[in-house]
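> So you can see what is in the structure, the chains are spelled out below.
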Amino acid sequence: MYRIIEKSRQGSTSQFLIRLEDNAGIPFDNANTDYQEYLEWLAEGNEPEVINGDSPYA
Amino acid sequence: MSRARDLADLAGSADAGGITGKNLIINGAMQVAQRGTVTGATHDSYGGPDRYKISESGDTVFTMSKDSDTPTGKGFANSLKLDVTTADSSLAASDYASVIYNIEGQDLQRIKKGTSSAESVTLSFYIKSTITGTYVVQLYDNDNNRSVSKSYTVSSADTWEKKTLTFPADTTGAFDNDNALSLLIRWWFAAGTDYTSGTLATSWESYNGANAAVGQVNAVNSASNNIFITGVQLELGEQATPFEHRSYGDELARCQRYFQKLYSDAAYGYPSLFVSIATAATQSYGVAQFITPMRAAPTFSTTGNFRLTDQNIAVAITSFTLDSGRSGVLSGEFNIQTASGLTALQTYFVHNNNDTSAALLFSAEL
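Sequence order for the protein chains is A and B. The numbering of the first sequence is the working numbering, which starts it at 1 and goes up by one. The numbering of the second sequence is the working numbering, which starts it at 1 and goes up by one.
Don't read these hints as lab results, they were simulated from the structure. Just so you know, not all the hints are guaranteed correct.
Covered by chain A, per the in silico footprint, the following chain B stretches (three or more residues, Cβ under 8 Å) [as the list claims (entries may be wrong)]: (1) 106 to 115; (2) 310 to 324.
Residues from chain B that keep clear of chain A, each with C-beta distances beyond 10 Å, as calculated [to be verified]: (3) G40; (4) Y46; (5) K163; (6) Y248; (7) S301; (8) N335; (9) A364; (10) E365.
The beta carbon of each residue, even a glycine, is placed where N, CA and C say it ideally should be.
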């Protein structure tokens, strides 16, 4: 399971992708194997929890 | 011998990578262990010496550590120790236990795999294992789903033995010239019938699990078992040449392409890791520069407790979060949360919070 936290910053939105099983932060990089697993998880029809707010765990 | 002959031999040795850089393995002498001892190691766990990962299915659990038990008189000070803490004494068909080492395709081009000039490679290493019998090492080509395996014998229990395995050239399937996984080396320690029911693939072939580990003894059948490995070298050709020893600093830098551990060293009074700028009473942003460029933008995690300080205050950090879109191979940006106490636009130092276990962990492993 994954969570995406969205924060407004410098006129845009920053996204923080977190793997919930270990709270690891995952970058949006196709060469990162954890991001590859996330993309596979998405392709299986899953969706991350998306949270808006200033607190990462709000 | 003539000087001309010496020079010709030297040139030949250089062509074969014989002077330096011949060993395709990083941390073959098991000097670098940034993660320290890891207990409860199961599938995909890293621990002990950098770059070596557990791959298993079934009941087996290891403790992975960097150990000082080494073969006598060979110039090694460290080994990878795999201590079986939970055994798999009755293997189901799909059960297996192994340790793997992954290599990027761009570092393998010298093998010329998939061409008419493809080269054989030789793997040499020292092993000490409680269980005697037949063991298997497998090379797996992740780009082309091809595999080759070689068996060897551990003759004496709990005794260091050197093993040399030569794998044939493969004129089919080139390694991609990129930073992704191309070659996986797997040291098998146990294998169920899914991996042993065929004929050992001693020549390269399309991967067939049944041919991967035929004859492999169960080396994880008791929680009393230990397996040690060191002196790992993979080189071109059919001969195992003397191990290419590298300095600790050289090996550390190579390992840090795949994993980095940043921490405020207690021995130096917890110097700051980087500076952050507050945007609110509970929030700041900071950028961590990596020690060396990483293979890919790394996955980020933390251990222990951190704090922000300036000349007046010290505030505990409640969370570090990686900005997924603002992180690369050279640096990562973070959102840093505190319960309160920050002043907007004020800069703060990021430190361990008097916690020797606190560290920022960056992983770009294959």
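> Does Y46 (chain B) sit more than 10 Å from chain A, CB to CB?
Check passes; 12 Å lies beyond 10 Å.
> Regarding the assertion that S301 (chain B) does not contact chain A, is the least Cβ-Cβ distance greater than 10 Å?
It is violated; S301 (chain B) is separated from chain A by about 5 Å at its closest Cβ, not greater than 10 Å.
> Can the stretch 106 to 115 of chain B be counted as covered by chain A under the rule of three residues or more with Cβ-Cβ separation shorter than 8 Å?
violated (count 0)
> Examine each Cβ of chain A, and state whether all of them lie more than 10 Å from the Cβ of K163 (chain B).
29 Å, holds
> Beyond 10 Å from chain A, beta-carbon-wise, is G40 (chain B)?
13 Å, holds
> Is the coverage entry for the stretch 310 to 324 of chain B by chain A consistent with the three-residue Cβ rule at 8 Å?
Since three or more residues must qualify, the claim that chain A covers the stretch 310 to 324 of chain B holds, with 6 doing so at under 8 Å.
> Is the Cβ of Y248 (chain B) farther than 10 Å from every Cβ of chain A?
At about 27 Å from chain A, Y248 (chain B) clears the 10 Å cut-off, so the statement holds.
> Taking the minimum C-beta separation from A364 (chain B) to chain A, is that value above 10 Å?
The claim is violated: A364 (chain B) sits with its nearest Cβ about 7 Å from chain A, within 10 Å.
> Find the nearest Cβ of chain A to the Cβ of E365 (chain B) and say whether that gap is larger than 10 Å.
Non-interface label on E365 (chain B) violated, nearest chain A Cβ at 7 Å vs cutoff 10 Å.
> Does the no-contact call for N335 (chain B) survive, Cβ to all of chain A over 10 Å?
The claim is violated: N335 (chain B) sits with its nearest Cβ about 6 Å from chain A, within 10 Å.
The structure shown violates the earlier hints numbered 1, 7, 8, 9 and 10.
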